[in-house]
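Colleague: Sequence:
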Amino acid sequence: MNKSSELPKFQQIQFEFAKNLRNPAKFQAPEGIEARRMKVYQDLFYNNVQNFCANSFPILRSLTPDDKWHRIIRDFFTDYRAHSPYFAEISAEFLNYLSDHRQPEQDDYPFMLELAHWEWLEVSLLANKDDILSIPHDRNGDLFEQNIVISPLSNAVAYEYPVHRIGSAYIPEEKPEQPSFLIICRDRKHKIEFMETNLFTYRLLQIFQEHLEQKHQITGQQALQQLAEETQFPNPQQLIEGGKQMLDSLLQRDVILGVNS
Numbered sequence: 040m041n042k043s044s045e046l047p048k049f050q051q052i053q054f055e056f057a058k059n060l061r062n063p064a065k066f067q068a069p070e071g072i073e074a075r076r077m078k079v080y081q082d083l084f085y086n087n088v089q090n091f092c093a094n095s096f097p098i099l100r101s102l103t104p105d106d107k108w109h110r111i112i113r114d115f116f117t118d119y120r121a122h123s124p125y126f127a128e129i130s131a132e133f134l135n136y137l138s139d140h141r142q143p144e145q146d147d148y149p150f151m152l153e154l155a156h157w158e159w160l161e162v163s164l165l166a167n168k169d170d171i172l173s174i175p176h177d178r179n180g181d182l183f184e185q186n187i188v189i190s191p192l193s194n195a196v197a198y199e200y201p202v203h204r205i206g207s208a209y210i211p212e213e214k215p216e217q218p219s220f221l222i223i224c225r226d227r228k229h230k231i232e233f234m235e236t237n238l239f240t241y242r243l244l245q246i247f248q249e250h251l252e253q254k255h256q257i258t259g260q261q262a263l264q265q266l267a268e269e270t271q272f273p274n275p276q277q278l279i280e281g282g283k284q285m286l287d288s289l290l291q292r293d294v295i296l297g298v299n300s
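Numbered by this note's numbering, the letters in the sequence shown go through residues 40 to 300 in order.
Derived from the structure by calculation, the hints contain no laboratory data. Honestly, I wouldn't trust all of these hints.
Claimed, not checked - Below 25 Å or equal to it, Euclidean Cα-Cα: the simulated PhoX-like pairs (lysine-lysine) are:
no.: 1; residue 1: K214; residue 2: K107
no.: 2; residue 1: K254; residue 2: K168
no.: 3; residue 1: K78; residue 2: K107
no.: 4; residue 1: K168; residue 2: K230
no.: 5; residue 1: K254; residue 2: K283
Stated by the list, open to error - Ranges of calculated distance between the beta carbons of each label pair, as one might list FRET restraints:
no.: 6; residue 1: D287; residue 2: P143; range: 37 to 47 Å
no.: 7; residue 1: N186; residue 2: D139; range: 30 to 40 Å
no.: 8; residue 1: L83; residue 2: S123; range: 17 to 27 Å
Values in this document were obtained by computation on a predicted structure and should not be read as measured data. Heads up, the beta-carbon is just placed ideally off N, CA and C, and yes, glycines get one too.
Given only the sequences and the hints, what does the whole structure look like? Please build it.
Modeller: So, in C-alpha cells, the structure goes:
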C-alpha cells in the first residue's frame, strides 16, 4: 500500500504539490489547482535555486553553456536530496551534488570540481558567523616561541589546476605540471583575501590545523621544525629562519591571529 495514502488528506495534497514543484514532467499537480497558477510556483522555486547557485558559483556559471547549466540545475533540483533545510546552505549542497552525486559528462571541464570548491570557499567564509576578534589572542606576542593561534576563517588548499586564474580569459586545456597552493581567508575587517603560496607555507598551515584539531598547542618554532623534518630540507636552520618571515606575513594577513594570550 502507498504510505502517502495513509496520511491525512491535507498532507497528501502537500506531498503532491511538492512533487509537482520538483518534477512537473513526472508528477501531476493536486487536483483542482489551475495549471497556470501551478506554473507560477514551479518557476518561482526553480529560479530561486538556480539564481542562488549562479550567484554562488559565478565563474563556473559563466563558463557553462546555458543548456548544460540548466540541465545540471534541473537535475540537482529534481533528484538530489539535500541534508540541510536552510536556504543559505544550498551552495554546500550543490557542491556535494557535483562532487558525489552527479554523473560526469564528456564535455565537463577537467577543473570543474576544483573550481566549484574554490568558489564555494568564498561563499562559506562570507556566510560564516565567527568573528576573529572574539577569539582570545595576543597579536604582539612572539610567534616563534609562543603557541600560535590560527584563524578559523582561513583555508589552505591545493589544486591540480590554477583555479584562482580561471575565467573567460583563461581556460586551461591541460593540467599544469605543478599544483597550485592557495590561501583564502576573511580578515578582521571582514574582507576576503586570496593568496597564492607554496608547498612549504601550505604544509605549515596544515601542521597548525592538525594540532588544533587534536587540541594540542604548538609554537611557530615547533611547527617549522616539524616541517623541516617532513620535507628533509637540506639546511633545516635556513628553513626555520626563513619561516619566521613566513609567520609574520601570515600574521599581517590575519591567517595567523597571534599567540595564546
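Colleague: Which numbered hints does this structure break?
Modeller: As far as the earlier hints go, not one is violated by this structure.
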